[in-house]
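**Student:** Go ahead and model the full structure; you've got the sequences and the hints to work with.
Just so you know, the sequence shown maps onto residues -22 to -1, 1 to 145 in mature numbering (1 follows the signal peptide of the UniProt record, and there is no 0).
Hints are computed from structural coordinates only; laboratory data are not their basis.
Pairs of lysine-lysine, PhoX-like flavour, derived with a Cα cap of 20 Å:
1. K131 with K37
2. K131 with K11
3. K105 with K32
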Amino acid sequence: MAMAIGVLVLALLSLSSTTVFAKDYCVYTIFVKTGWLPKAGTDSSISTQFFDSKGNSYKVDSLTEWGGNLLDADHDYFERNNVDVFSGLGECLNGPICGLNLTSDGTGDHHGWYCDYVEVTSSGVGKSCNNHHFTIEQWLATDAYPYSLTSTKDECAEVTSGLSSSE
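**Tutor:** Okay, here's the thing in structure tokens:
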């Protein structure tokens, strides 16, 4: 009987911690479109960090390790003309996503990568669903213009001006 009560208490504690966890975290879904140009694909590791207008951010060190479990186990990510999807849990931001840093680590046989766009959706318990499309349309490479492994998009001024004009 004492063991049954102990198991019940443990289950209740586990359930309450899961509830707190779910309230503080959001589900992020990220779509990444690789360009159609020759040699647009890469075997490099791709990371991203997205942020809101208040400077709060969430970083994903490796998209494939963090949320690359939705497609086939043998799926080859970031290949020419692919749309890859990633999903995982992370701390919720305080406002709508409006900025993005996208980075390649530059490893692999062909480190250059041409990204068309990244789309990020977030949702959480008691929070509005948020979706933002970032047009990248550039090489993340050291041997192609703009000769950088990072692309940064800050569209927060557009998001906040859109919010204030509709209020």
